[in-house]
Amino acid sequence: MKGAKISDLLASAGAGAEVLVFGWVRTVRNSGSVSFLQVNDGSCLADIQIVVEGDALSLLDTTELSTGCSVRIDGTVVDSLGKGQKYEIQASSVQIIGHADPNDYPLQKKRHTLEFLRDIAHLRPRTNTFGAMSRVRNAAAFAIHTYFQERGFQYIQTPMITASDAEGAGSMFRVTTLDLGNVPMKSGVPDLTEDFFGKSAYLTVSGQLEAEIFAQAVSDVYTFGPTFRAENSNTSRHLAEFWMVEPEVAFCDLSGLADLAEDFLKNVFGKVLDRCPDDMAFFNQWYDKTALTTLENIINSDFERITYTDAIDMLQKSGETFEYPVNWGLDLQSEHERYLTETKIGRPVVVTDYPKEIKAFYMRLNDDDKTVAAMDVLVPRIGEIIGGSQREERYDVLTDRMRDAGMEEAEYWWYLDLRKYGSVEHAGFGLGFERTVQFMTGMQNIRDVIPFPRTPNNAEF
RNA sequence: UCCUCGGUAGCUCAAUUGGCAGAGCGAUCGGCUGUUAACCGAUUGGUUCCAGGUUCAAGUCCUGGCCGGGGAGCCA
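Counting from 9, one number per residue, gives the positions in the first sequence under my numbering.
Worth flagging that the hints you see were computed from the coordinates, not collected in a lab. Note that the Cβ used here is the ideal one computed from N, Cα and C, for glycine as well. All the pointers check out, no bait thrown in.
Listed next, with one range per pair, are the computed distances between beta-carbon atoms: (1) Pro-198 - Asn-111: 49 to 55 Å; (2) Ser-326 - Pro-167: 43 to 49 Å; (3) Gln-116 - Val-432: 57 to 63 Å; (4) Glu-72 - Lys-13: 22 to 28 Å; (5) Glu-328 - Phe-205: 47 to 53 Å; (6) Met-193 - Ala-171: 17 to 23 Å; (7) Asp-376 - Glu-328: 23 to 29 Å; (8) Asp-310 - Thr-70: 54 to 60 Å; (9) Pro-234 - Gln-452: 21 to 27 Å.
For lysine-lysine, the following DSBU-like pairs were computed, each having C-alpha atoms within a straight-line distance of at most 30 Å: (10) Lys-207 - Lys-194; (11) Lys-94 - Lys-279; (12) Lys-274 - Lys-297; (13) Lys-94 - Lys-13.
Please model the entire structure based on the sequences and the hints provided.
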């Protein structure tokens with residue numbers, strides 16, 4: 009006999025149904041001849057209350073029952089006599105499956121700090137916060153796939169190991185099978201021809217270049233997978249391993265890409281609100297009182313679109329004093345982005361057409377010869393949630409840009425081939441999945457929106 | 001990597017000018033006829049992050065290190 013999910017049981021089973029439930033005990037309350045257990049199985053935020061009395065109680069050693077135990081409950085759904093829940097289960101039997109010694113089980117019947125829970129990442133999914141996080145992440149991932157699948161985008165699995173070491177900014181993790189205690193040397197440097205791939209290999213920082221290959225064959229594609237950055241970043245918004253969504257669209261310009269980004273974000277936010285109302289209400293109550301209204305406002309309003317040049321103008325006329333200078337040609341700092349999206353405009357902003365000097369080589373050069381068709385989607389509190397561009401599809405312009413960037417053309421022969429054979433305009437962006445979840449839930453630290461965060465000096469679990 | 005704040009009981013925190021290291025929660029035991037982070041009573045709790053130094057005396061001051069929070073840069 010298979011147990012019922014508590015979520016199904018609370019939603020559909022009426023009083024009188026005989027049920028079997030498996031889960032973990034959250035709290036035990038003993039009161040005279042009756043004991044109350046709250047049991048959670050992770051299917052929903054709510055616990056189900058188990059009432060144990062009479063024969064069921066006399067057969068149970070309540071001193072063995074404690075927070076963290078796994079249990080099997082046989083019983084009947086009844087209308088609750090108490091306040092706080094509609095239904096409860098009148099147990100006919102309670103079996104302890106696995107004990108959790110209360111003397112050393114770390115999770116207590118009280119709130120813990122997020123910092124403490126990070127140290128016990130193997131147990132934190134049993135808390136309300138991380139149960140809710142797991143469900144929201146799941147709903148968001150599903151919404152992302154659904155969004156693209158319903159619009160004819162193909163899901164492309166791009167490689168995690170790459171041999172090109174200049175895909176863009178950012179340090180990469182080296183992948184090697186060489187014995188670090190005994191590296192083969194040749195002319196005083198490591199002989200990488202002895203390594204697994206015969207040359208340097210790294211963990212990918214983006215699936216974009218490979219996604220472009222498929223976009224220029226099957227038109228609309230996206231990737232959704234892990235991405236790695238070896239930067240020594242210690243902030244609430246950075247991870248060494250994170251998940252990135254990268255749509256790449258053929259026959260699409262920057263304006264079309266901005267339309268896609270806006271529609272996509274609104275759609276995903278809407279689906280998560282729809283699918284996880286209890287979890288989102290929980291985050292709204294405990295972590296960010298504005299989370300729900302912010303998301304609803306975004307869904308129902310248009311994103312502001314401004315050029316980089318407009319943004320510089322706004323910042324210079326703002327009357328604000330910034331720590332970093334604002335001048336055309338300089339990149340926007342976090343404080344500038346936050347001023348624009350939080351103070352000046354008050355909703356998501358798409359900033360486009362940045363100076364070519366501060367953006368990547370593959371971004372399409374505009375007719376002014378000074379700017380490129382890049383876009384960043386900025387949202388309050390997080391800053392950049394999406395970075396994207398129309399790609400340079402003109403062979404000569406692209407090779408000029410690569411030369412300016414000091415890149416070796418030969419290493420990108422296949423990327424250049426795409427511009428030689430049936431080249432088309434195309435565009436794509438990268439969305440940080442964890443930043444999206446962080447934004448939706450109002451969680452302050454990105455380490456609390458991924459199951460097992462990888463950051464400098466931390467790869468436990 | 002830089003700036004800044006912090007590290008005291010299982011957890012969350014207090015400890016005045018350098019002068020006996022504490023509270024709440026948890027846990028344990030007992031009580032309570034339906035509880036909602038149950039409640040009431042008692043008990044239990046310490047390498048004050050580590051290594052040096054100053055001092056009659058260091059949780060507190062000094063030096064070095066480790067770890068964590070917040071901010072910055074890099075970016076998603």
